[in-house]
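Chemist: The lines below spell out each chain.
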Amino acid sequence: MRQKQHTGQAAEQAAFTARLEQALPILRKVAAAYGLTTADRHDLMQEIALQLWKAWPRYDPARAFSTWTYRIALNVGISHLRRSSGARRPAVALGELPDDPVAGTGIDPVLEEQIGLLRRLIDGSNGADRALLVLHLDERSHREIAEVLGMSETNVATRLSRIRQRLRDGLAVHNHDRAAPRTKETTQ
Amino acid sequence: MTTTELDDLREAWRVLDRRLAVDVELRLEEARDRRLRRTEATLRPLAWGQAALAIFGLAILLLGASAWIDDRGNPAVFAAGIVLHVYGVLTMIAAGSTLARIRSIDYAAPVLAIQARLVALRRWYVGWSRFVGLAWWLLWIPLVIALSRPEPAPLEPSQAAWLVGSALFGVVGLLVTWAVHRWLRDPARAELERRLDDGAAGRSLLRAQAEIESLRAMEDEHGGRE
Chain H
48 MRQKQHTGQA AEQAAFTARL EQALPILRKV AAAYGLTTAD RHDLMQEIAL QLWKAWPRYD
108 PARAFSTWTY RIALNVGISH LRRSSGARRP AVALGELPDD PVAGTGIDPV LEEQIGLLRR
168 LIDGSNGADR ALLVLHLDER SHREIAEVLG MSETNVATRL SRIRQRLRDG LAVHNHDRAA
228 PRTKETTQ
Chain X
382 MTTTELDDLR EAWRVLDRRL AVDVELRLEE ARDRRLRRTE ATLRPLAWGQ AALAIFGLAI
442 LLLGASAWID DRGNPAVFAA GIVLHVYGVL TMIAAGSTLA RIRSIDYAAP VLAIQARLVA
502 LRRWYVGWSR FVGLAWWLLW IPLVIALSRP EPAPLEPSQA AWLVGSALFG VVGLLVTWAV
562 HRWLRDPARA ELERRLDDGA AGRSLLRAQA EIESLRAMED EHGGRE
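Heads up: the protein sequence lines correspond to chains H and X, in order.
Residues in the first sequence are numbered from 48 upward in steps of one, following this note's numbering.
Residues in the second sequence are numbered from 382 upward in steps of one, following this note's numbering.
This is chain H alone, in the form it adopts within the complex:
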């Protein structure tokens, strides 16, 4: 009886491990969006994996695994961000630390600038908007995003358009700031 139980548990664990392997990119992306430092991102990935394992017995195979994973991972990410903000931890973004392995090599300046822009956009967003960004950048449809976040498709579109506007505004300020010293130099 006990042996049967043990075998059942081992099979369950193996099934979960196989699924978790598929879900790894999702865990990474959520950790990238909600983690503050490299170590923080790793801790977050562990935390997400743990919560997925706890929720695994309630997973309904009839539903998409990625949707289920995203829902749990993003909830963990949002809670993590809330806790981190409460503790007033320094917000060190991806690509900003010189010893950060995720930092860029600077080979492609345009790409590096885009990465910087993306980081600023993520860091300036609240937990819910980060979730929206992660899903949108991961090329999920509005329908899927709505299902994961539990909101209507219209709401998804509205929120995304607000994020787009924020990006344009941020970019305008950025371009203005960059242009200003050049103008000053020319007039002098």
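These are calculated hints, taken from the structure and not from any lab test.
For every residue, glycine included, the Cβ atom is placed at its ideal position computed from N, Cα and C.
You may find that some hints are simply not true.
FRET-style restraints, in silico, Cβ to Cβ [unchecked claim]:
1) X:G514 / H:A109: 55 to 63 Å
2) H:R190 / X:R584: 55 to 63 Å
3) H:A65 / X:D487: 20 to 28 Å
4) H:A57 / X:G554: 33 to 41 Å
For chain H, the structure is supplied; the task is to place chain X on it using the hints.
Modeler: Chain X only, in chain H's frame:
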């Protein structure tokens, strides 16, 4: 950069993900190295124990050899010397073989391969240490005979009775041990058997196995690795 739309940032997002994937892999590699070093360290007490056991085997061998070489005329002492000699040789071989098995573990191999080596080491160690231990139900008799030299040469009737009584006691002890072993084989007592087996394996091997098991779990969590 004058115009960038949200969709243009997808490539940047993919690059960030790739960089994080590399970072995760590097961290995993570091953690793996750390755990493997710990596994190696936890096996060190077992290796020292085996070295000590080999020395003990050598001492028994020398005692046995001196007994059967010096007292060939006394059948009891001669037989006791031969038994001790053989036991000493077997103990040294077993300890040496365990040491060789510990040293031959390749920590650069995949975790599953290391795990298999540890299981094989444990099976071998628990198996022969039972033999080494159980032999003492009877082995103390030749030991006492060898150590009591140069006492009375031929055995006196009282001593012969003692010898037979001790041998009987040892045989009964062995039979009881065997019966307990059989009793434990019942699946209902699997937990008790496992605990006794863990006890026989010793803390060093158990900790090494726990380290490797946690490493395997960590690798599973990060999508496996071969």
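Chemist: For this structure, which hints from the list above don't hold up?
Modeler: none
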